[in-house]
Structure formats: C-alpha cells, structure tokens
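First residue of the sequence shown? That's 1 in my numbering, and the numbers climb one at a time after it.
It is worth saying that the hints were derived from the structure and are not from the lab.
One or more of the hints may lead you astray.
Using C-beta positions, here's what the derived DEER-type ranges look like [claimed, not checked]:
id	residue 1	residue 2	range
1	ALA105	ALA311	28 to 34 Å
2	GLY267	ASP58	32 to 38 Å
3	VAL4	VAL258	22 to 28 Å
4	GLY32	PHE56	51 to 57 Å
5	VAL262	SER166	40 to 46 Å
Yeah, the Cβ is synthetic: ideal placement off N, Cα and C, and Gly gets one too.
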Amino acid sequence: MAFVGKLANLVLFPGLLFIALTGLVARAILGGMSSVVTGASSEGPGSGMPGLLRLFADESVAADGALRAVQWIAPVVKLAALSWVTCIIFGYRGGDLALVFALLAISSAADVLVASCSSNPRVRQSCFAECARSAGWGIPLALVLATVALRTGQVSFAGVMGWQSSNGILIAPTSTGVLTEVGVALSLAAAALAALGIARLRPLSPGLFDDPPGGITADMSGPPLAMLRLSDAASLFTAALLLAALFFAGPASTVAEVAFWVMKVAGITLLMGLVDIVSPELGSPRALALALGAGGVLAVAGLILVWIGSAS
1 MAFVGKLANL VLFPGLLFIA LTGLVARAIL GGMSSVVTGA SSEGPGSGMP
51 GLLRLFADES VAADGALRAV QWIAPVVKLA ALSWVTCIIF GYRGGDLALV
101 FALLAISSAA DVLVASCSSN PRVRQSCFAE CARSAGWGIP LALVLATVAL
151 RTGQVSFAGV MGWQSSNGIL IAPTSTGVLT EVGVALSLAA AALAALGIAR
201 LRPLSPGLFD DPPGGITADM SGPPLAMLRL SDAASLFTAA LLLAALFFAG
251 PASTVAEVAF WVMKVAGITL LMGLVDIVSP ELGSPRALAL ALGAGGVLAV
301 AGLILVWIGS AS
C-alpha cells in the first residue's frame with residue numbers, strides 16, 4: 001500500500017497530473033497576456049486542452065533511427081523528473097538540494113536528447129542551443145543552492161523550508177548583518193534568471209514552440225508532441241514553485257497559509273511572464289553570455305557575501 005501511495009503522489013498529486021494541469025493554466029494565462037500586449041500569439045500546436053486532446057488522438061508520424069523511441073521516452077522522463085521535484089517540495093518525498101538539482105538537470109537533458117538523436121540535420125543543429133540553455137540555468141542555480149544551504153545550515157529541502165517557517169522567509173532582514181542580506185538578495189536575482197531558463201522564457205530561452213523550423217518539435221507529432229507540450233507547461237509551474245520554496249517559503253497548515261502560498265506562486269509566475277513579454281529574443285550565444293555573465297556573477301557574489309556574513 002505504501003508503494004501505491006507513493007505512485008499516486010508521483011502520478012496524481014502533487015505529481016504529473018497536477019503540475020501538467022497547473023502548468024497548462026499558467027501557460028494559457030501568459031499566452032493571453034502576450035496576446036493583449038503584443039497583439040500576436042505564438043502558442044504553437046496543441047495549445048489549450050482541446051488542441052492537446054487532438055494531439056493525443058492523432059497518429060505519431062514515424063521517424064528514422066532511434067528518434068522514434070526517444071520521442072516517446074524523453075517527454076515521459078522529463079515529466080517524471082519534474083513530478084519528483086514537486087513531490088519533494090510539497091514534502092511527499094524526502095530529498096536534498098542536490099537531488100532537486102539533479103532531477104532538474106535530467107528534465108533538461110531530455111530536451112537535449114531529443115535534439116541530438118534526431119535524424120534531421122536541422123533539428124540536430126538545435127542541440128547546442130539546448131546545451132547552452134541547460135548550462136545557462138544550471139551553473140547559477142547550483143551556486144544559489146549552495147548559498148541557500150550555507151545560509152540555512154540545511155541540505156535537505158524539507159530542512160530549508162522548515163528553517164524558513166521558524167525564522168522567516170530567506171530574504172527577510174535578520175540579525176546576521178548587511179552582507180548576508182545583500183548576498184541572499186543577489187542569490188534571489190540569480191535564481192530568478194535560472195527560473196526563466198528552466199521555464200524556457202525570454203530573454204534566456206525562446207519558447208519551445210517559438211523556435212524556427214528545425215527546433216526540437218519539428219520531427220514530433222501526435223502523442224509525443226502532446227507529452228512534450230505537457231512537460232513544457234509543467235516546467236513553468238515547477239520553476240515558479242521552486243523559486244517560491246527556496247526564498248519565500250512559510251507554513252502551510254491552515255487554509256489561509258495555503259492560499260498565501262498559491263498567491264506567491266501565482267505572483268512569481270505572472271512576473272516571469274511579464275519579463276518574457278518585454279524581453280527580446282536572444283540567440284543562444286548571447287543568451288548563454290547573459291545567463292552566465294549576469295546570473296553567474298550574481299550567484300557567485302551572493303555566495304561569497306553570505307559566506308563572509310556567516311563567518312563574521
């Protein structure tokens with residue numbers, strides 16, 4: 001029975017089904033915001049629940065070589081990794097910060113695998129872009145997680161959230177000094193940039209369905225494309241949830257506290273969407289330079305300041 005319960009958490013709540021549906025709602029809201037501001041929509045195939053259901057009902061066009069298997073496996077692996085992350089954040093699974101990072105890396109590697117295994121040369125050209133996106137959010141986030149662990153003295157995700165429930169949110173003023181507070185603020189800025197990369201939002205990454213012909217969706221159709229759409233939506237929700245849990249966590253034992261959590265995640269999602277709307281679309285080299293030049297520098301500076309503040 002314990003195994004059945006764990007499987008239900010991973011598949012239903014707070015796992016795959018939950019993050020897919022909430023992600024689809026978030027993508028729809030951001031798509032509506034973009035349409036209102038820019039007058040154009042770039043939602044791509046399978047946007048909305050009716051389009052998604054049509055994709056699941058369509059036939060998947062056969063691809064050559066190993067790509068056909070990858071098309072079916074990679075989105076499932078990505079969804080499973082993101083579901084595991086949300087289960088850890090919600091407290092249904094134990095896990096440390098390193099495990100959360102590894103699961104996010106696996107979810108990003110699934111996109112790289114789709115690009116690298118394609119029989120279409122134009123699709124394979126996007127492999128560098130996918131690798132650059134992964135490095136762009138991965139390096140700063142690793143430094144941010146180290147800063148969070150140093151600041152709280154906790155390496156488990158439950159410990160970090162428990163620390164915030166007892167001591168206040170991570171960015172709240174404390175008695176540890178100005179250096180620590182500034183370091184945490186810089187880490188928050190770096191984490192926000194990393195979240196944009198995870199969610200495939202501008203300026204760090206074009207949307208999955210905004211890529212020109214030759215993007216990783218070019219060879220996909222039917223159910224695999226629908227699952228890729230679900231994983232893309234889930235990444236947006238997971239990125240916003242992760243940012244809220246790392247820096248704005250708090251108790252969630254009452255209805256009011258749960259509602260406050262919902263508002264925090266929704267607010268972060270809307271802010272990420274606004275950044276996406278007003279930001280230009282950068283090429284992979286420039287996006288990687290921005291991610292590492294801005295996000296990396298902010299993350300390093302934040303880690304050093306928190307380390308100095310903690311030692312003094």
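Cross-check of the supplied hints:
1. ALA105 x ALA311: 28 to 34 Å: About 30 Å separates the Cβ atoms of ALA105 and ALA311, which means 28 to 34 Å holds.
2. GLY267 x ASP58: 32 to 38 Å: holds (36 Å)
3. VAL4 x VAL258: 22 to 28 Å: For VAL4 and VAL258 the Cβ distance comes to about 25 Å; the hint holds.
4. GLY32 x PHE56: 51 to 57 Å: Given about 23 Å between the Cβ atoms, the range is violated.
5. VAL262 x SER166: 40 to 46 Å: Once the Cβ atoms are compared, 22 Å apart, the range 40 to 46 Å for SER166 and VAL262 is violated.
Checked against the numbered hints above, the structure breaks hints 4 and 5 and satisfies the rest.
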